[in-house]
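One letter stands for each residue in the lines below.
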Amino acid sequence: MAERERRTTPYGGSFVPRSRVMDADGVRRAITRIAHEVIERNAGLDDVVVIGLQTGGVPLARTLVEAFARIEGVEVPLGTLDVAFYRDDIGLRPVMPEAVTDIPAELSGRTVVLVDDVLFTGRTIRAALNAVCDYGRPRAVQLAVMVDRGHREVPIRPDFVGKNLPTRRDEAVDVHAGGVDLGDLVRRREER
Amino acid sequence: MVRGGTVLDQLGRRPADVVVTDGVVAAVGQGLQAPGGARILDAGGCLVSPGLVDLHTHLRQPGMEEAETVESGGRAAALGGYTAVVAMPNTDPPIDCASVVRDVLELAAASRWQVFPAGAITRERAGERLAPMAEMAALGVRLFTDDGAGVQDSRLMRRALEYASGLGVTLAQHCEEAGLAAGGHLHEGAWSSRLGIPGTPAEAEELMLARDLTLSRLTGAPMHFLHLSTAGSVALVRSAKAAGLAVTAEAAPHHFTLTSACAASYDPVFKVNPPLRDAPDVDAVKLGLADGTLDAIATDHAPHPQEAKELPFDQAPPGMLGLETALALALTELDLTVEEVLALLSWRPAGIAGLEGDHGGPVAEGRPANLCVIDPAATWVVEPDRLASRSRNTPYAGRRLTGRVRHTVVRGEPVVIDGEAQR
Amino acid sequence: MSANLLSIADLGAEGIEELLRLTDSFVEVSERPIPKVPALRGRTVASLFYEESTRTRLSFEAAAKRLSADTMSFSVATASVAKGESLRDTVVTIEAMGVDAVVVRHASAGVPWQVARWVGASVVNAGDGCHEHPTQGLLDCYTLRQRLGSLRDRRIAIVGDVRHSRVARSDVLAYTALGAHVTLVAPPTLLPPSLEGWPVEVSHDLDGVLRKVDAVEVLRLQHERQIEALVPSLREYTATYGLTRDRARLLADDAVIMHPGPMNRGVEIAAEVADQSRSVVTRQVANGVAVRMAVLFLLLGSGSIR
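Chains as they are written, first to last, in numbering that gives the first Met the number 0: chain Y, 0 to 191; chain W, 0 to 422; chain Z, 0 to 305.
Pulled out of the complex, with its shape left as it was, chain Y reads as follows:
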């Protein structure tokens, strides 16, 4: 959930798409490419653990693990991580975990590939790095995102990118099974 703005939970607003920047096939192809890049970067998949960030990163992480199985024939451990308790805006806005974190494997000494849908300010990844370190000391942490839309607020960069998408700050990006949409976030006034 790199993009808290895109959520349609009671805490956010609703996303109104304007244009489709990537279709379903494009997303699938991008994941396959990322899978190859991960394998190449790590000279295989030994000791690789994939962790999807709640909520947008989780389906992408699952697809990535499936791609690994197709390409290399190995089953890479898949975890999910909710960073709510590590956010730096607790107390400033409503923060609630979406789901229970599930880390299936020991992380110490392994290569953790964090997967998220959209990389924006980088704050979610900052929180995720802290969370991961509470589970152990990975040999390396790498970051895979479907969309990098810029506007970083902390020194974080992705290792694997589906699409670089220049955006305005006030725009919003929605990644879903059918593709990637660029649009606007409409906040409902009565909600805080």
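Hint data in this document are derived by calculation from the structure and do not stem from the laboratory. Some hints could be false.
In silico SDA-like pairs for lysine to any residue, Cα to Cα no more than 20 Å straight-line [unchecked claim]:
#, chain 1, residue 1, chain 2, residue 2
1, Z, Lys64, Y, Asp133
2, Z, Lys35, Y, Lys162
3, Z, Lys35, Y, Cys132
4, Z, Lys64, Y, Met95
5, Z, Lys35, Y, Leu128
6, Y, Lys162, Y, Asp180
7, Z, Lys35, Y, Glu105
8, Z, Lys211, Z, Met262
9, Z, Lys35, Y, Asp133
10, Z, Lys35, Y, Arg136
11, Z, Lys211, Z, Asp245
12, Z, Lys64, Y, Gly90
13, Z, Lys35, Y, Gly135
14, Z, Lys64, Y, Lys162
15, Z, Lys64, Z, Pro34
16, Y, Lys162, Y, Arg17
17, Z, Lys64, Z, Gly97
18, Y, Lys162, Y, Ile38
19, W, Lys240, W, Gly350
20, Z, Lys35, Z, Asp9
21, Z, Lys211, Z, Gly148
22, Z, Lys35, Y, Ile102
23, Z, Lys35, Y, Arg125
24, Z, Lys35, Y, Val99
25, Z, Lys35, Y, Asn129
26, Z, Lys35, Y, Ala98
27, Z, Lys35, Y, Asp87
28, W, Lys285, W, Glu364
Keep in mind it's a predicted model, so treat the numbers as computed, not measured.
Here the structure of chain Y is known, so what remains is to put chains W and Z in place on it, guided by the hints.
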């Protein structure tokens, strides 16, 4: 001179001016000329009534002056329309002998408020030995009670009644059977059970009331029953009166305006003894006041300092302020005529207290000028910080009431003018 | 604006569900190698215990620390109550030290309500007299759900001194809000004088009830001296209302046995019954920390309560 009002007393209702000279009503009639240099109190649109009489006030002096004094309580009474109050004896030391009676009478004289001490039935209010009632009666004490507690021992109570009948005084009972009531802090029922606070059952009151009605029959002595609060109590008194017993009874304003549900806030301002009861009890008390079963409304004005009312509910002392809100609550909440309300607040309690010579009217030439001028249509909001009592423990903060005291005249002196205390 | 947890009734069914969901996340946190998250860094939680209860106080303090909050602890023995300072003065003084939440335990019912009127900080009721103990109610729900799944239409017996039990009052509210059917089993002298408005059944036949329930919760006999006045003897109580070994055989094999602790083994529950695998007493304690983390996070961190 009280000009332009409608006089309302036990003789009826009539438009009249009232001229007061030297503390006595000099003339009552329409279109009277004010004597030269007379002070004029405007009573336009208002009722001119005999001053109210409270049978049940805790003035806390001597001993608990941080809560109230004769001075501050007398002022609160005047603002509430009262020209006379009976001061309960549960002071420290208690009013259980002539010397403490004298002390209170001196405080009253110094304050110039009309305060009449009640004496204790037993020494130290301990319920063990009779207090010297004769020496207190000789100083003018007419009502005796151990209020705050009932006299538990039936034999002692019988002796007290027999002894009192020889003195021509009346015993007043705080009906609470200690064994059944032990440990209770609110009415035993749905709310006490839900709130996890031990309650006092209605039967603790009714049990002692039934015993005392029996003892009154046995001894032939008259009795007065303080702050009756339950439907069962009202029924007991109704049948006792039907049987011809010489008994009278009072109810407090909070027992016809509030219920045990108030305790849900856990604010000890709603803690009182007897406790706030349930809606059927409130209805029964209202009916008892309407049909004459209950003779008087008495405030049970019980001031407590703020820190005492900030204790946990089960540690805070029971009691509520009442003097400054009783009349307005009766006018607002009871389905009675103003005449009926004033009978309950003025002339009937004056008779019970033996004060009918000076208090409770009628408003007639030659009578002492103890008067209260009421604007029955005025509405106001209870603000604890604006009360004259030293304490703030009113359960009616923020409540809008109809009926307000405009002027109060005690022995000819206007002590309240236009709702402002003059001293 | 401050949010409080004073009564289970404040939460309603939805609020309870939300808290139990959040508790799942904190159970996971508690199982990590480093069972601590930075969620409440910089916040201060004061525990104000006017009645000693080591386990509840430690549970709240562990919860606060695992959320990275700072904790302050105030207990009667060490404090200015002995010097006659009023409750209000104490509470206001503590708040002036910069406290975000006050966890209050008091032997008198209603004190947390009074405290909440005096301070702006969040107030959590950690047990008030014979009234409520909402976090215990929540953790009991959580523990039962781990064993039974949903509580809807489950039958739960609460056995013992309901009259003096804050646990029973919170549990009745919580279980019934989640759709369970509750039967109170006690001698009439240990039941509240009135059960008007309580959505429960009452029985004086423990054997008959045990055959039908999915869970039995045994209450602690708290006030032994008071109990002596309400039942003829502890021996007679154990014989008629104690969960003895023989009686426990009447329970279904998968029925759950609960006790809020601390147990009087041999009085309200037999020692070997308390140690059966059907008993979740230890699990209740473990879940207590996670539930209290959820409560503190919801009040101080999530910004989602009222």
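Verification of the hints:
1. A threshold of 20 Å between alpha carbons decides the hint, and for Lys64 of chain Z with Asp133 of chain Y the separation of about 15 Å falls inside it, so the pair holds.
2. Note on Lys35 of chain Z and Lys162 of chain Y: the hinted pairing is violated, with a Cα-Cα distance of about 36 Å set against a maximum of 20 Å.
3. Between Lys35 of chain Z and Cys132 of chain Y, the direct Cα distance comes to roughly 12 Å. Compliance with the 20 Å bound is thereby established for this hinted pair.
4. Annotation: proposed proximity of Lys64 of chain Z to Met95 of chain Y holds, straight-line Cα distance about 19 Å (limit 20 Å).
5. Annotation: proposed proximity of Lys35 of chain Z to Leu128 of chain Y holds, straight-line Cα distance about 15 Å (limit 20 Å).
6. This hinted pair checks out: Lys162 of chain Y and Asp180 of chain Y have alpha carbons roughly 12 Å apart, not beyond 20 Å.
7. For the suggested pair Lys35 of chain Z and Glu105 of chain Y, the alpha carbons sit about 17 Å apart, so the restraint of at most 20 Å is met.
8. This hinted pair does not check out: Lys211 of chain Z and Met262 of chain Z have alpha carbons roughly 24 Å apart, beyond 20 Å.
9. About 8 Å separates the Cα atoms of Lys35 of chain Z and Asp133 of chain Y, which keeps this hinted pair within 20 Å; it holds.
10. Simply put, Lys35 of chain Z and Arg136 of chain Y have alpha-carbon atoms about 16 Å apart, close enough for the 20 Å limit, and the pair holds.
11. Between the alpha carbons of Lys211 of chain Z and Asp245 of chain Z the distance comes to roughly 16 Å, so the proposed pair stays at or under 20 Å and holds.
12. Between the alpha carbons of Lys64 of chain Z and Gly90 of chain Y the distance comes to roughly 17 Å, so the proposed pair stays at or under 20 Å and holds.
13. About 13 Å separates the Cα atoms of Lys35 of chain Z and Gly135 of chain Y, which keeps this hinted pair within 20 Å; it holds.
14. For the hint linking Lys64 of chain Z to Lys162 of chain Y, the alpha-carbon distance of about 42 Å lies beyond 20 Å, and the restraint is violated.
15. A distance of roughly 10 Å separates the Cα atoms of Lys64 of chain Z and Pro34 of chain Z; the hinted pair therefore holds under the 20 Å criterion.
16. For the suggested pair Lys162 of chain Y and Arg17 of chain Y, the alpha carbons sit about 18 Å apart, so the restraint of at most 20 Å is met.
17. About 17 Å separates the Cα atoms of Lys64 of chain Z and Gly97 of chain Z, which keeps this hinted pair within 20 Å; it holds.
18. As the CA atoms of Lys162 of chain Y and Ile38 of chain Y are separated by approximately 19 Å, the hinted pair is consistent with the 20 Å bound.
19. About 17 Å separates the Cα atoms of Lys240 of chain W and Gly350 of chain W, which keeps this hinted pair within 20 Å; it holds.
20. At roughly 28 Å between alpha-carbon atoms, Lys35 of chain Z and Asp9 of chain Z are farther apart than 20 Å, so this suggested pair is violated.
21. At roughly 18 Å between alpha-carbon atoms, Lys211 of chain Z and Gly148 of chain Z fall within 20 Å of each other, so this suggested pair holds.
22. A hinted pair counts as satisfied when its Cα atoms are at most 20 Å apart, and Lys35 of chain Z with Ile102 of chain Y qualifies at roughly 15 Å.
23. Straight-line distance between C-alpha atoms of Lys35 of chain Z and Arg125 of chain Y comes to about 17 Å, which keeps the hinted pair within the 20 Å bound.
24. A C-alpha spacing of about 15 Å is found between Lys35 of chain Z and Val99 of chain Y, which places the hinted pair at or below 20 Å, so the restraint holds.
25. Pair hint Lys35 of chain Z plus Asn129 of chain Y holds up; C-alpha atoms about 11 Å apart against a cutoff of 20 Å.
26. Simply put, Lys35 of chain Z and Ala98 of chain Y have alpha-carbon atoms about 17 Å apart, close enough for the 20 Å limit, and the pair holds.
27. Note on Lys35 of chain Z and Asp87 of chain Y: the hinted pairing holds, with a Cα-Cα distance of about 16 Å set against a maximum of 20 Å.
28. Between Lys285 of chain W and Glu364 of chain W the CA atoms are separated by roughly 34 Å; this puts the pair beyond 20 Å, and the hint is violated.
Hint check: violations occur at hints 2, 8, 14, 20, 28; the rest are consistent with the structure.
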